[in-house]
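Taken in sequence, the protein lines are chains A and W.
Count the first sequence with the working numbering and you get residues 1 to 324, in order.
Count the second sequence with the working numbering and you get residues 1 to 527, in order.
Because the hints were derived from the structure by calculation, they are not lab data.
A hint or two may mislead.
Said to hold, decoys possible - Below, computed lysine-lysine pairings styled on BS3-like, alpha-carbon distance capped at 27 Å:
| no. | chain 1 | residue 1 | chain 2 | residue 2 |
| --- | --- | --- | --- | --- |
| 1 | W | 349 | W | 392 |
| 2 | W | 504 | W | 226 |
| 3 | A | 40 | W | 124 |
| 4 | W | 392 | A | 40 |
| 5 | W | 138 | W | 188 |
| 6 | W | 174 | A | 40 |
| 7 | A | 40 | W | 409 |
| 8 | W | 409 | W | 347 |
| 9 | W | 377 | W | 388 |
| 10 | W | 138 | A | 40 |
Unchecked claim - Here are some chain W residues the structure puts well away from chain A; computed CB gaps all over 12 Å:
| no. | residue |
| --- | --- |
| 11 | 276 |
| 12 | 376 |
| 13 | 384 |
| 14 | 408 |
| 15 | 460 |
| 16 | 475 |
| 17 | 508 |
| 18 | 521 |
Ideal placement from N, C-alpha and C gives every residue a C-beta, glycine not left out.
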Amino acid sequence: MLFGLSCLTFAISHVVPGDPARLAAGPDANQAMVDTLRAKYGLDRPLPVQFARYLRGLAAGDLGESLRSRNAVAADLAQYFPNTFELVTLALLLAVAVGVPLGMLAAVHRDTWIDQGARVLSVSGVALPAFWLGLMLQLLIALHLGWLPLGGRLGLTATPPAPITHLLLVDALLRGEWRTMADALAHAALPVVTLSLPALASIMRVNRAEMLETLQQDYIKTARAQGFSGFRIVCRYALRNAMIPTLAMIGLRYGWMLGSTILVETVFDWPGIGLYAVNAAVSSDFAPIMGVTLLLGLNFMLANLLVDLAYGWLDPRIRRPGLT
Amino acid sequence: MRIARCLSCLLTLALLVLAVVPVAAFERVGDKKILVFAGRQEVPTIDPSIKYDWSIRMMQQALYDGLVKYVGNPPEIQPWLAEKWESTPDARIWTFHLVKNAKFHNGDPVTAEAVRWSFARTLKLNQGPAWMLSDFLKEDGIKVLDEHTIQFTLTQGYAPFLSFVPWWYVMNPKPVMANEQAGDLGQKWLTDNEAGSGPFRIKRWQQGVLYEIEAVESYWKGWPSKDHVGGVILKLVREAAAQRAALLRGEADIVEGLTPEDYEPVGKTPGIVVPNFPGMTTFGIKMNTQKAPTNDANLRKAMAYAFDYDALLKIYNGNAVLQTSPFPNATRGHIAVPGFPRQDLAKAKEFLAKSAYPTGGIELEYVYVQGLEEERKMGLVLIDNLGKLNLKVKVVPLTWPNMVGRGGKPETSPDLMAVFATPVSTDPDAVAYQYHKNSWGKYYGSSFYSNADVWGLIERARTLGKWEERAPLYAEIQKRISADAPEIFGMLANRRWGLRDHVKGFVFSPVRFTGEVDLYPLAIVAK
Chain A
1 MLFGLSCLTF
11 AISHVVPGDP
21 ARLAAGPDAN
31 QAMVDTLRAK
41 YGLDRPLPVQ
51 FARYLRGLAA
61 GDLGESLRSR
71 NAVAADLAQY
81 FPNTFELVTL
91 ALLLAVAVGV
101 PLGMLAAVHR
111 DTWIDQGARV
121 LSVSGVALPA
131 FWLGLMLQLL
141 IALHLGWLPL
151 GGRLGLTATP
161 PAPITHLLLV
171 DALLRGEWRT
181 MADALAHAAL
191 PVVTLSLPAL
201 ASIMRVNRAE
211 MLETLQQDYI
221 KTARAQGFSG
231 FRIVCRYALR
241 NAMIPTLAMI
251 GLRYGWMLGS
261 TILVETVFDW
271 PGIGLYAVNA
281 AVSSDFAPIM
291 GVTLLLGLNF
301 MLANLLVDLA
311 YGWLDPRIRR
321 PGLT
Chain W
1 MRIARCLSCL
11 LTLALLVLAV
21 VPVAAFERVG
31 DKKILVFAGR
41 QEVPTIDPSI
51 KYDWSIRMMQ
61 QALYDGLVKY
71 VGNPPEIQPW
81 LAEKWESTPD
91 ARIWTFHLVK
101 NAKFHNGDPV
111 TAEAVRWSFA
121 RTLKLNQGPA
131 WMLSDFLKED
141 GIKVLDEHTI
151 QFTLTQGYAP
161 FLSFVPWWYV
171 MNPKPVMANE
181 QAGDLGQKWL
191 TDNEAGSGPF
201 RIKRWQQGVL
211 YEIEAVESYW
221 KGWPSKDHVG
231 GVILKLVREA
241 AAQRAALLRG
251 EADIVEGLTP
261 EDYEPVGKTP
271 GIVVPNFPGM
281 TTFGIKMNTQ
291 KAPTNDANLR
301 KAMAYAFDYD
311 ALLKIYNGNA
321 VLQTSPFPNA
331 TRGHIAVPGF
341 PRQDLAKAKE
351 FLAKSAYPTG
361 GIELEYVYVQ
371 GLEEERKMGL
381 VLIDNLGKLN
391 LKVKVVPLTW
401 PNMVGRGGKP
411 ETSPDLMAVF
421 ATPVSTDPDA
431 VAYQYHKNSW
441 GKYYGSSFYS
451 NADVWGLIER
461 ARTLGKWEER
471 APLYAEIQKR
481 ISADAPEIFG
491 MLANRRWGLR
501 DHVKGFVFSP
511 VRFTGEVDLY
521 PLAIVAK
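Isolated chain A (complex conformation) (with noise of 0.2 Å):
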């Protein structure tokens, strides 16, 4: 699969027009420049050339150089992907603490005002541009009441701590630096709302709907007539079932989330992947796009493997395929 896609991003590359040399070598540049660069960067040579020294790279783990920031793509990714991990995943996590339950008690509720209001919630979330809502989100919170900062990752004379996982959240976790913590949750908490809303929003119409499906089933009713406790059944009984189809949606949510990150960090300028991607696009960059495609290819992939494992968990006839 990553082959096909290092195949398909090669060739959409180098098909679209515009000359990367060109544009590395500047505006004012003469040939003369131009066809140097060229030649450093092996862009004179035929494209199957290009592909097959491509792919030699990559096999030993070398994703090839930026023309824009002249470093290692690999270097780069290292930089970049840890920010965009950490936004997605704290994104997803309140997507999930809040739709699953939500749509839970909108299921047992249903019809009423709690599940008119979650309906509002959900249609919103993902009607509402990502773009606009942190725009919003900005102009509210962070301009006129003051609560939170507009953007960036950490104050502005804040320092990072030492790196342990360069996840910027869990090293001031780990070295104990309190308030670098405070400061990094103080930034994120309005570009992770933003990113979260839609997912929520289909998480939540997603265990919904499977919820009011599996509360018809005959053993929700036989529980309830053993007596089980209403919270119990949901809880317990119910929800682990609902939860397969939701995990599937989860597990296509945390792809797509990583995918699409580029409007929220440019809101409001979280150092991503995102945003490295887009620079590296409009500057015909291509060893960076294809670095950016095959990580998040490969992201994709891990998190549908994580969501076919915790199947297994959740449900033991997957687990055991002879159980009945």
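We have chain A already, so just place chain W on it with the hints.
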């Protein structure tokens, strides 16, 4: 109990979160006042031999010194590392005498050898500013006469030489070569390290987030104000709305790149000022002179006379001036070309009647940079104006790389292409050469203008030593280019920034790029 403890922890964390929210107008570190500049553009490298654009050059100018420096409006070349210089009458040999007290940040003296090495490095790497001098200056033409005197012998006379020297910064060879990797002349190291003698040194370099420089208190040239900034943080804020919010909230002291609509209310906000100066960036609609239908000079002239120039000023809420020549007003030798096109429908129809398309009936493609709202509006103006000549306009937004790619060849260059161009020097050669054959393929050469007489004049004018001989040639070049109408010459948009009013010492110079600010004279005077 456990729940209560959790809630208490959460509450404490929430209070801490709120407590760290910044509200100060400028940052203080000890007794130093740190200016916060919210800019939209990254600084991917600060190597003076590799690249320049407004954000890169703003930082290069702060970290490095040149032999001379552009200052003020109109821009004048002032002595900097060189206290004086002289050239031969044919502008072939240039001799610079260095000040004796200049020091690099590590304490090494700035010598003629360092200057030689820096110029030779830029020529050898053949990137960034190399194009400015590489046709005339070769490595063996740079000679150290003594520790503080350096001489450049050009391959032929080149009068604009001095006008490009401000952008050739002097590096300290010792730390650069100590960090050389695989014969790269320190390229990798100089990407985010510096080896300069400028008024600032690097404090923090967080790529993609912020760049912090701190003032060198013992700067060899001294400081223009006792309240000079203790440092500058260039913070990346990529959205205009977020920039505006940062300025209003006091999280930024200077912002650049707000929309024309934003500057009006921001300028009226107490505590904020908006410097507003005519720049040197021209806006023109380049017409492909090598491919039908725009290879028809009469059709091009018809369009130039049909265009509503005042609409350009309206798009910028009046914060722009119309071009009166292909050269920006601040360019040396600029003249107001007599009969420069302005909207005149009768004249437009006259030219159209003389063209191969006397009744119109054709469609022209107008290409602009996707996302640039002003350029899109200019496209709408074109649709309206050219409709009166029965010419249809198809407005096509393209990303910058795709647009540059299209404009790189005469066969693919669009009929009409929106182009902003900023000349790098005040010498007329910097603009005139955009119309020379050697500029074909560059974004500002997308009209593929061809006129052997004009090219000859451009080549001759750049080699003459005396301004009195050059000036009439440039006047003639301006008239001839206007007469050939390779583009609809538009306007010069004003340069604007949003500044908190405690920021003093702002000095505008139109030769700087859009957004670029000279950080050296800035001061913070708190109320």
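Outcome of the hint check:
1. Of the pairs offered as hints, the one joining residue 349 (chain W) and residue 392 (chain W) holds, with about 15 Å between alpha carbons and a cut-off of 27 Å not exceeded.
2. Of the pairs offered as hints, the one joining residue 504 (chain W) and residue 226 (chain W) holds, with about 12 Å between alpha carbons and a cut-off of 27 Å not exceeded.
3. Our distance criterion of 27 Å between C-alpha atoms is met by residue 40 (chain A) and residue 124 (chain W), whose separation comes to about 14 Å.
4. Between residue 392 (chain W) and residue 40 (chain A) the CA atoms are separated by roughly 44 Å; this puts the pair beyond 27 Å, and the hint is violated.
5. As the CA atoms of residue 138 (chain W) and residue 188 (chain W) are separated by approximately 24 Å, the hinted pair is consistent with the 27 Å bound.
6. As the CA atoms of residue 174 (chain W) and residue 40 (chain A) are separated by approximately 26 Å, the hinted pair is consistent with the 27 Å bound.
7. Between the alpha carbons of residue 40 (chain A) and residue 409 (chain W) the distance comes to roughly 23 Å, so the proposed pair stays at or under 27 Å and holds.
8. The suggested pairing of residue 409 (chain W) with residue 347 (chain W) is violated, with an alpha-carbon distance near 31 Å, which exceeds 27 Å.
9. Between the alpha carbons of residue 377 (chain W) and residue 388 (chain W) the distance comes to roughly 18 Å, so the proposed pair stays at or under 27 Å and holds.
10. Annotation: proposed proximity of residue 138 (chain W) to residue 40 (chain A) holds, straight-line Cα distance about 22 Å (limit 27 Å).
11. Against chain A, the non-interface label of residue 276 (chain W) holds: every CB pair exceeds 12 Å, the least being about 24 Å.
12. The Cβ of residue 376 (chain W) lies farther than 12 Å from every Cβ of chain A, with a closest approach of about 17 Å, so its non-interface assignment holds.
13. Residue-level check passed: residue 384 (chain W) sits 29 Å from the nearest beta carbon of chain A, beyond 12 Å.
14. Residue-level check failed: residue 408 (chain W) sits 6 Å from the nearest beta carbon of chain A, not beyond 12 Å.
15. The claim that residue 460 (chain W) lies off the interface holds: its Cβ sits roughly 20 Å from the closest Cβ of chain A, which is beyond the 12 Å cut-off.
16. Non-interface call for residue 475 (chain W) relative to chain A: holds, since the shortest CB-CB distance, roughly 25 Å, exceeds 12 Å.
17. For residue 508 (chain W), the non-interface assignment is confirmed: its Cβ lies about 23 Å from the closest Cβ of chain A, beyond the 12 Å cut-off.
18. Once the 12 Å rule is applied to beta carbons, residue 521 (chain W) is consistent with being away from chain A; the minimum gap is 22 Å.
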